[in-house]
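Undergrad: If you want the building blocks of each chain, they are given just below.
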Amino acid sequence: MNLHHSDDPRLWNLDTELRLLGLRGAPMSRRAAIRLGLLGSAGALLSGSLTSRVFAAPPPHKPVAKAKSVIQIWLWGGPCHIDTFDPKPTAGADYTGPLNSALPTNVAGMQIGELFPLLAKQADKYSLIRSMTHGNNGHETAAYMVQTGRASGGRDVFPGTGAVVSLFKGYDAGYKGLLPPYVVLTELQGRFSEAGFLGSRYKPFATGGDPGANRFVVEGVVAQGVTDERQRARRELLHQLNTLERATRSGDPRLAALGQCETDAYEMILGDAGKVFDLAQEQDDLRDRYGKNTFGQSCLMARRLVERGVPYVTINYKGWDTHKQHFQIMRRKLPELDRGLAALLEDLSQRGLLDSTVVWCGGEFGRTPKVLWEAPWNGGRGHYGKVFSSLVAGGGFKGGQIVGSSDARGEEVADHPVHPSDLIGSMYELLGIDPEARLPHPEGLDVRAIPSVAADIKHSGRLSQIM
Amino acid sequence: MRTTPPLPCAGQRARRTPRILRTWRFFSSAAFGLAVFAQTPPLVAEDTTPRSSAPAPSPTASFERSGIPRSTGRIDDLVFAKLKHLGIEPAHPCTDAVFVRRTFLDVIGTLPTAEETRAFLKDSSPAKRTALIDQLLTRTEFADYWTMKWSDLLRVKAEFPINLWPNAAQAYHRWIHTAIRDNVPYDRFARELLTGSGSNFRSGPANFYRASQSREPAGLARMVALTFMGVRAEKWPTEQLAGFAPFFSALSYKGTGEWKEEIVFFDAAKLSATAATLPDGTSVTLSPERDPREVLADWLITPANPWFSRALANRAWSWLLGRGITHEPDDLRPDNPPANPALLDYLAAQLVASHYDVKQLFREILTSQTYQLSSVARSDAPAAEANFAFYSLRRLDAEVLIDALNQLSGTTEKYSSAIPEPFTYVPDDQRSIALPDGSITSAFLESFGRPSRDTGTEAERNNRITANQRLYLLNSTHIQRKIEQGPKLQALVRAKSAPRDYLDNIYYTILSRPPTEEERRTVGAYFAARKDPRTAGQDLVWSLINSAEFLYRH
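Protein chains in written order, with this note's numbering: chain A, 1 to 467; chain B, 468 to 1021.
So here's chain A without its partners, still in its complex pose (with noise of 0.2 angstroms):
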């Protein structure tokens, strides 16, 4: 056993005290751990039923994890189903556009479409869900739906998985790590998809700054113009002129709790927590495999960060929503998304983090297969939340396979239909976050992780062949 792939968080603290004590990467036995009495009940949850699970049905208490982490790659504006996923070479042109082929990938019988030839050498890594839908096609619904996995216009404003997972996974399960549990790459979606009833507590850091550049500022972390030395002198300055503070001699909690954010504050700005965003100590060839734009080093900053034990990171990768020029959009963003994607990927296999990060990419909808070509679209595509795809890879998802399949002409969906709910059950589970663990809701409404099956929200159930 790897106690580096455990969720528990006790174990991510025995992680830590390890790579203090310069031991992490030898894989400790349960029978040591034990004998330093640092693993407890954990020991016996991890020993038994791990390989006997049954996944069809929702298991009665907390699953065991597999996932530690989860990278969103969400693709805002809804990206072409059948341009990227599902691709349709003989549906015709008023469909397919010029992008009429497909390519065949390293998985017999798996295609993909024609502008992804390094996501075509990584299919044995993901799998790909083809029967994605809700029906819906307004993108603040939509994507609401998509992230929450609820249906949207109800009395309740639903916190968005990263907001979940950051509860069940972040500081209050335990997790020590100074960066924040939920980070977005790089700008908030906007607070319908996020922290919802949860509140500002499980809102995502927002990195600001453009991880493409020269230098990734990332707002908070870096101050352009001011030198570290700068910094320590008016830290100073600061603590010297807290009056306040030193008059409230009952030490206010209050200001307990600031001069607390502040020490943590500080290990990002000074210390090695920040580190975590200076791109350049990368090799320069693996930040070119990425591809250096923002996105493709989005994807590396996000291999970083799990690296480093974050939860949960969003890439909000915009520019999606091709109503108009829309197969010229297409051949400039593909390749982008194609590099980036199979880059992290690559990456992440080969240093041993792809088993415990579950990589998510989709959008909130797909779009119309039936090309627009008429005035004033001239060749584009709208809105189409009947059917869509998502890619998912890691932590406990297979890779190779294919999730339902869409009609011919990607229409409807033509079997196995999977509903937003399903796929983040799905990989709650794989987190090991009980479904039917209460949220926190304001007014003490029963409300649970995922929505029950009496709850009036469409349900096919987990994606158990994949998991």
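Don't read these hints as lab results, they were simulated from the structure. Note that the coordinates shown come from a computational prediction; the quantities given were computed from them, not determined experimentally. Fair warning: there could be bad hints in the mix.
With a straight-line Cα cutoff of 27 angstroms, these simulated DSS-like cross-link-like pairs (lysine-lysine) come out [what the hints assert, rightly or not]:
1) K458(A) x K386(A)
2) K727(B) x K386(A)
3) K881(B) x K318(A)
4) K398(A) x K324(A)
5) K826(B) x K549(B)
6) K121(A) x K176(A)
With chain A held as given, fit chain B onto it using these hints.
TA: Quick look at chain B alone, frame taken from chain A:
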């Protein structure tokens, strides 16, 4: 963003530069350090009297006056009696400088300018505190700030998850703003909301029943109970809520020919039950001839009703003191008793006696010694804070904080609404406390705990500091840019005034008080140690903006 400071005498470039350099050299010399703590008379009369002879005044001197607090009226009698009973020593009275800053922030959500602070501190009138309170209660920002507060509770937001729509959110906001500006008595304010009908675009209060997470009678009943009774009806016994729901069962909604317009109306045919039960257990027979909401309003909005006036009195107290007499302020129930029942009864009675004049209630609270206590506690007793033995520290509201940073730096923010398309843009000089719609926002407001206006609970506003917020304030380009490039701060940092005035100006602008002698020495030493006086000045500004004293109401 402007990068050059506003400099006078445009034609005198050749002469000006050396003078600036001379000034800067002076700042960077040890002489500045000496000059900064030279014993010139302090500016403020009040600060000289009680402790001028003390060799090294304690840090509390900036926040508290010497001497025990004295009761100024019934509120203080009740608070101090309770504290005495508990054996808790109250804090000392706050200084004038603390008072001016605190009342500006609490009453109008706005940082006092250096000029306003100085004018108040120079005023030697014994009644100046009351005069300032009266003046603040009439400021435009009073209506802006309290409309913001009510808009949180009444959920004024164009979209998501409740679709009020932009025009309706604006109409709703405008109605609230007018009511607060005109100090409409609270009983009338509540009745108009409670019985609101008509078009969402044309009638502000009609939106009260649209801004609900549920349009089911029980959901509306919960919302009304929360808003006007300060209770969580979901904690009631099932039959109590079931008896209350029929008051809302005849409420109907319909669209019109105009896009996104909706009419709220009483539909007698929908009346589901003729028997209903008021929250106090009284049975009522509903008739199709009269909107049941009128019947409810007749019961709720009377001096005899135990919930109505107490709920508002408790809220008003919590808004000004930082904590309800019953806490949370909107969770009144028998098993969550008030810390000081006599005080709550008294405030509720005063509200009724003034014919529901909310400003009058504010005024009575603000003029009390209890409100004017220092934030420096003199007791570690766990019950001290819940019994108002000192003024509770509170981080500035997200909106107040960003407005204050803009005001002192001379900068502005961009606000926009992501929904609906087309995107809404607002003018550059918009103050965030006056934003009319919760959908119009900024990354700063989102990160600093602005409420999402989904539930209408007080707890939705989150003023607890987080590590991400701290990081942002300490080191983001957004804040750094305001410090380095904001025209007002540039002018302060580059000013050629005498060192004593230089420091005074920065301190009055940011902390609303003069620096202590110890602070003068600290800053003098810092300037002496730094090579570049401009960056030293920026670092000083940065330190003060990041101090607890700036970030918290105290």
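Undergrad: All hints are to be evaluated individually against the structure, with a verdict given for each.
TA: Verification of the supplied hints:
| no. | hint | in the structure |
| --- | --- | --- |
| 1 | K458(A) x K386(A) | holds (13 angstroms) |
| 2 | K727(B) x K386(A) | holds (26 angstroms) |
| 3 | K881(B) x K318(A) | holds (21 angstroms) |
| 4 | K398(A) x K324(A) | violated (36 angstroms) |
| 5 | K826(B) x K549(B) | holds (26 angstroms) |
| 6 | K121(A) x K176(A) | violated (37 angstroms) |
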